[in-house]
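Protein chains: 2
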Amino acid sequence: MKTTYSVKLVLLLTLALNIVSPVPAQGPTPAVAELGQLNLMPMPATVELQPGRLAITDKFSVATKGYADDRLRTNIARMTRRLAGRTVTTLSLDLAAAESSATLVVQCERGGSSIPSLNEDESYSLEITDQQARLVASTVVGAMRGLETFLQLVQGDREGYYLPGVRIHDQPRFAWRGLLIDIGRHYQPPEVLKRNLDAMAAVKLNVFHWHLTEDQGFRVESKKFPKLHLLGSDGLYYTQDQVREIIAYATERGIRVMPEFDIPGHSTSWLVGYPELGSAPGSYKIERAAGIFEPALDPTRDQIYKFLDGFLGEMAALFPDAYMHIGGDENEGKQWDRNPQIQAFMKQKGIKDNHALQAYFNQQVLKILQKHGKKMIGWEEILHPDLPRDAVIHSWRGPASLAEAAKKGYNGILSAGYYIDLIYPASQHYVADPLPDGNAMTAEETKHVMGGEATMWGEWVSPETIDSRIWPRTAAIAERLWSPRNVTDIADMYRRLAVISHQLEELGLTHERNYPVLLRRLANSDHIGPLRTLASLVEPVKEYRRYQMRPQTMLSPLTGLVDAARPDSEAARQFAAMVEGLLSDAPRFQLYRSDIRDSFKIWRDAGIALDPMIERAPGLQEARPLAKNLADVSAAGLEAINYLSTGTAAPTQWRDLQLSKLDEAAKPKAALELVVVPSVRKLIIAAAEPRK
Amino acid sequence: MKTTYSVKLVLLLTLALNIVSPVPAQGPTPAVAELGQLNLMPMPATVELQPGRLAITDKFSVATKGYADDRLRTNIARMTRRLAGRTVTTLSLDLAAAESSATLVVQCERGGSSIPSLNEDESYSLEITDQQARLVASTVVGAMRGLETFLQLVQGDREGYYLPGVRIHDQPRFAWRGLLIDIGRHYQPPEVLKRNLDAMAAVKLNVFHWHLTEDQGFRVESKKFPKLHLLGSDGLYYTQDQVREIIAYATERGIRVMPEFDIPGHSTSWLVGYPELGSAPGSYKIERAAGIFEPALDPTRDQIYKFLDGFLGEMAALFPDAYMHIGGDENEGKQWDRNPQIQAFMKQKGIKDNHALQAYFNQQVLKILQKHGKKMIGWEEILHPDLPRDAVIHSWRGPASLAEAAKKGYNGILSAGYYIDLIYPASQHYVADPLPDGNAMTAEETKHVMGGEATMWGEWVSPETIDSRIWPRTAAIAERLWSPRNVTDIADMYRRLAVISHQLEELGLTHERNYPVLLRRLANSDHIGPLRTLASLVEPVKEYRRYQMRPQTMLSPLTGLVDAARPDSEAARQFAAMVEGLLSDAPRFQLYRSDIRDSFKIWRDAGIALDPMIERAPGLQEARPLAKNLADVSAAGLEAINYLSTGTAAPTQWRDLQLSKLDEAAKPKAALELVVVPSVRKLIIAAAEPRK
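First to last, the protein sequences are chains Y and F. Throughout, the working numbering is defined as the position within the first sequence, counted from one, plus 771. Throughout, the working numbering is defined as the position within the second sequence, counted from one, plus 771.
Warning: the hint list may mix true and false statements.
Intra- or inter-copy, both count: the list cannot distinguish identical chains.
[What the hints assert, rightly or not] List of simulated lysine to any residue pairs, SDA-like, C-alpha gap at most 20 Å:
| hint | residue 1 | residue 2 |
| --- | --- | --- |
| 1 | 1178 | 1204 |
| 2 | 965 | 1007 |
| 3 | 830 | 1393 |
| 4 | 965 | 1010 |
| 5 | 830 | 1392 |
Hint data in this document are derived by calculation from the structure and do not stem from the laboratory.
One chain only, chain Y, in its complex shape (with noise of 0.2 Å):
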């Protein structure tokens, strides 16, 4: 590490001005950059700046130097084509014909592995000087983790577009970054997989995680078990021309894809087509609530196997990549508790319980897995004596697990605290490291820790709507898996994360540009402007109670309020930086004070206009007691900053009015949390507070 990431930021100044270009508009160039200008996103193992800034015109032109194939030009290509278009420059995509000549100059010392793989080097340097720019890279792969930094330096001022002097070493932190898309409970096209693969190659993930089959849906298409996904998928599958198709857009961007086949639970949509495989007689249907659900594949019998190696190998052809991921969570067996003969087979075998009956039925999986060359990975419940030591743990629960395994000698990676459909914030998936401080592994049992992924559950997501589940929050988890563990620095994290979020778009990813799309529909109206007020103050309810708060299954439309709204407030998090500037101006309590008290009457207006929005659109009655919410809330707000201003507390009577009100306010409604309640309640006891 050559320099701090430590930025002192002005973090109140720049949300208060609503500042996310962190160029300045005015005043000359600094000859040297600074650091806290850079939005880069992971950020580099270490960045150094120098003096200068190589400038972007239609001259632009890239030379390969070293090792060079197809997969490198059409990386150096498409990194043009966005260089171009951010530019709205025309630029050649044709390379340069001379090193010297070209702005931008590739060295890559080989192509590394065809088939992306967990050994792969990653690693690149990066130098820019007034003259050139030289990346410089041992693979491909690694070329283009740094096609990606190149594109992220850009900036622009008065005198054009360029990149500033930096001299970048960079590597990965954890060789295992993913992202896993569920869907199985709701089918995502083609397209919306290509965008977050581009999406994920932009912040430097390597795995794409496809979870395939679920209760609610059997996606890929089998040649030799048809009725699997002809019947367990509503239409809704991959062919395996469009697997190959995935797997090359993949490829092509140095990231891997590692089907998943959840067994024996999560396997409803299986035994719609082959209820012999269940432990229980048929007919199944396709799921369509939310939940864990009691169909399972009946582990005693020597059929299932055979099928298993039948489809096993089948997909392992499909798949190239050296692991196959088998699932194996939530299986509570109560299938198995009623089937007189498997529970005749555990007597016989000394099964002692339903735990040691998925470890055989693992055992049985690993054979059939080596036998077509995969290594298994599998949810931590795998884990279990009998487990053999090259497969893989993978933790939903905790860290804790990762580093039982640790010390048993398996590889893992870390999944809790990477739920990204539990909705919560981007900073607090930020904080959680595979590696915590203060784990007592040794070092030898860190090795194991291999990373990490994000998990996109799809219970709750639609076309539509996935972008915003997963974009930009997935950005601060792809840095937690590849910059250093000292990156930490939150303000700053969402400063550059405001920056990659629209720079996402270019790729056409549509978590931003579908939000007002779905408050148009909801409204029947161009005219959304209260509408998007109370949006941009709500988030989904936590964790799984949406599902509790809100009903639905598989086949309700996922276009209400709650669909719209998004995770992470961005206008939540400006108020209560707002709120901590004012307080922290006491007893003054001027800074920001305006700016506070006209949030407060756009709020008032908009919970006031939104009453005859929500005449129109029946669609949006459910948010009638957010509107109320937000006048009161509003309403308490503009008395506890007059209060404030005025210099006299207010009463006591006054404050536990408001918080009662607050409290109410508070309450999840439609499945939506009002997220500014708790700075309005800091402003209101700070209001009645003595002062000095």
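Following the hints, put chain F in place on chain Y, whose structure we already have.
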């Protein structure tokens, strides 16, 4: 026609209040809805309102009666999903068990053509009462058209979602209602075509004219002549599997897919792989510029026709439509003039000029098409005394050629007037009629006019921007081609167009949602307010002036302000309406005065705020003079409003100075026009007029 459509709308008020949704916010629901509240587009042949309303609840269900097949059931399921999304209600996708319990009964007589055909009966009737909706159609395609009408009738009020009581009998005025998409100049991936097919179905268009070859790209896989697509497309072409997928998608929506292979001109991309087909020696390169180019197939050699027999035969098997479009436009024959062999051939055969030579070529091509069971259609240049009577004329220069063709007994379709790439407003396309008033055709001749096609020529559209060039304006053209000729109220068209436009978003169309994406990329920031204000007041220059003013190649990025800005500025239209209102309120000049003043202030502030934005975003440099014009125009406007308020006429000198400023502001910059200038000009002239 049982009712009249000249519903008198309080247009100005509607515009000024920014009401798009026409349902009243308050007050009791009238027993009978008013025609002016329906958001149908295209307007049906006859609409009769009747008492009652049919509630849409979670009990909604559909039954079929009479003929039903998979295509009908698929369309019912898709309609139900859209209805569920729009009403935020979980609806069952299963058909109702009994007709009596169904909310909607779909009664079909027969399947109709399995391949969509020009002769398809698309008529339907739809009756909605308190109890039930009943859709009756001869064919499944007719039922599809009715299902779209059904969805457009959905409204909401405080009592919930419902459909008004109505009795509709509907059939198209013209049988051929198309949209041409040119993917030769810029390739559009399959998902772009699919979402546009969805939109076409929503407005009852029934021909997707797939312009597959151009000088700039050969976009369809040929297994017989693979160098066509491999060398002629930069790798951006449709595989035959993809073509079949698109055709199946269109068929499911009752849309014909007619391919165009533009010959003998517009064929540079063919010659890259097969230079021996050209009229001049090669080699050839894919064309990167816009315009008319010399390369043309050599019509004198047997080899050419052998090749075309092979290629068009392959395509005839791939595309099931009865028609094949052979282009034939804009061949200036310069290569022919310079080729001694061709000249000798013409002499020998007595072919007097290039037009006659092309007619000779067309006759040979016609034989090939006939051999492969296809009817020929070509651009109007193919009209020639030797042209067989069963060829179809596609008019692009004006309805005169259509009339001329009809007189000679040819069938024809119109595209003149529907060139949406010229960036004219919807109102202009709306008045273009294939059978214009005062046409001199006999009744018999008019039967030869089969309809028309909007043409999305692809010089300046990317997957990101193309929807905004097609929609919503094409919905107005769709209405012209479907609805009775006396449906001509432009104000009512715009009212309905606004509603249809945001309904198209539910199908994935991006004409609205990508607008801020382009602005954010340009500004390199989420904070685009002032830029959005400017962009909303400008339109790309009309006709083909963009290329002259701002030359680019087909490899240039389409990410500039000219790409973000859209045709038919709604803001300018609303502003013009307010100015009309103010001027009609002479001598008080009070109506909308404060709205107009507020608009000017917003423009003035935007003009000022743009300066620092442009500093940070070099891609916006070209917008600097527009920002200045906006500031000038708003200053002039504010002064004019002041004069009008005070009752004192402005001095002539002031007026002349302001008008000269407006002359400057009216000049296009960055290939953009500030389209509010004419309205401001009216204010200035009025301000200087002597008061009575």
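Each hint, compared with the structure:
no.: 1; hint: 1178 <-> 1204; in the structure: within (18 Å within a copy, 79 Å between copies)
no.: 2; hint: 965 <-> 1007; in the structure: both (17 Å within a copy, 16 Å between copies)
no.: 3; hint: 830 <-> 1393; in the structure: between (56 Å within a copy, 19 Å between copies)
no.: 4; hint: 965 <-> 1010; in the structure: both (15 Å within a copy, 18 Å between copies)
no.: 5; hint: 830 <-> 1392; in the structure: between (57 Å within a copy, 18 Å between copies)
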